Amino acid sequence: MKMCLAIPMEIIEINGNEAVAEAGGIRKEVRLDLIESAKIGDFILIHTGYAIERLDPAEARETLELIKQVYRAGMTGKAGLPDDRE
Amino acid sequence: MTENDYVSILGSFHDPAVAAVLAERLAGITLPCPLALMHVCGTHEHSIAKTGIRSMLPAGMRLIAGPGCPVCVCPAADIDLAVQAARRADTIVATFGDMFRVPSGDTSLEMMKADGCDVRVVYSPLDAVRIAAENRDREVVFMAVGFETTAGPIAASIMAGVPANFSIIPSMRLVPPALEFLLENGRESIDGFILPGHVSTVLGRRGYSFLEEDHGVPAVISGFEPVDILRGIIDLTENILAGPPFTVLNLYRRVVSEEGNARARRLIYEVFEPSPSNWRGIGQIKNSGLALRAEYAGVDAVRRLSLVPSPDAEDVRPGCICHKVILGESEPEQCPLFGTGCTPRRPHGPCMVSSEGTCRARYQYRPPGDMY
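Residue numbers (my numbering), protein chains in the order written: chain D, 1 to 86; chain B, 87 to 458.
So that you can see chain D by itself, here it is in the shape it has in the complex (with noise of 0.2 Å):
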């Protein structure tokens, strides 16, 4: 068992301070003590049973997008490569 791995799920239930998160198809458990306000579509990122922190989707989309930015800038010039994976 990994201690410190946190595995990203999207709640589907919530009961209370208990909530069912999903997966990949697998369902699980998990308590929203150390989450503010959490709500059903919430991704959420779970350490031994307590959803530790809520997922951003925008802001994921920005990092990648700032990553892009240098994968774009290192494919620019090169023969027979695309200039870009969208």
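Think of the hints as simulated: they come from the structure by calculation, not from any bench.
This structure is a prediction, so every number in the text was calculated from the model and none was measured.
Don't be surprised by glycine CBs; every beta carbon is placed ideally from N, CA and C.
Hints are all accurate, no fakes.
With a Cα cut of at most 30 Å, we get these calculated DSSO-like pairs of lysine-lysine:
1) B/Lys-136 to D/Lys-28
2) B/Lys-410 to B/Lys-372
3) D/Lys-28 to B/Lys-199
Examples of chain D residues lying across from chain B (beta carbon under 10 Å, computed):
4) Asn-17
5) Gly-49
6) Glu-59
Given chain D, put chain B in place with the hints provided.
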């Protein structure tokens, strides 16, 4: 957004084509002088060893695995407390799997279980609380090891209410005091830190402002995918080469905010207070541990079961260089026991036990055919 969209976004963080371009850019950087970067996260080490990122570094750059594995820095004296608890016929010891095989002197919780003691591996502190509720006639002791990320769930479990027969051995450690200690006392000169992604969800970027304000050391908060780590190393290096101002850059904003998780910190400090703490291989670091507050003294297994801390528990067994590996002073491959007298199945030192341990990661992802 659907789960599929989400999986697709996250999947891009380990896109090999994107990673290849980042690796090329990294390798193309010319360093005017040698640089030492340190990460302090076992999951980073795991990912770096798995993807071979060290082989992509520019000439003159060293990527040091710092004290980022809570299991590895847990001193033998703390494990000895759990061993003492396990010896009692009326007691069940619950532990995370990572701690199960860590040696304390000539024994470990695994060996205690083999000897007939009741030691159970749990995934969550809640499992330990449940075991206590189902075994009211016995004491249940949870070995509470972890950094900030794990301290939150442990505090929340205690705050939610625990049975009278439940207690913990507090052995949690905090990352920022260790970073300060390394900067002030470490033998290695560190040019920049790669900060642990999930500890940072609790602390927020602001939790590291002392690095830029007091020490003028640049740092980057990074996720765990290859693309995250490569981008983190590139940006950190560019900050170092550009010169001051040195900043703490957050490249893991999809889960780490500026302020961090205030609710988790509030729960942690309602149950615990900072205390001096011993780190295996390092020694005592002020304010780097978490002791139970007086209101929660009843949950302290050391008091409850009159466990006696052993001052001479052996942190460094003969032949072991884990203490040097933890500080980045030696590489695992320099240890004569690596892969022969010390393997994941029969670990001699703590860094070979947890999947977060530097030796374990290097052993698991050693070059093919390299059998030692």
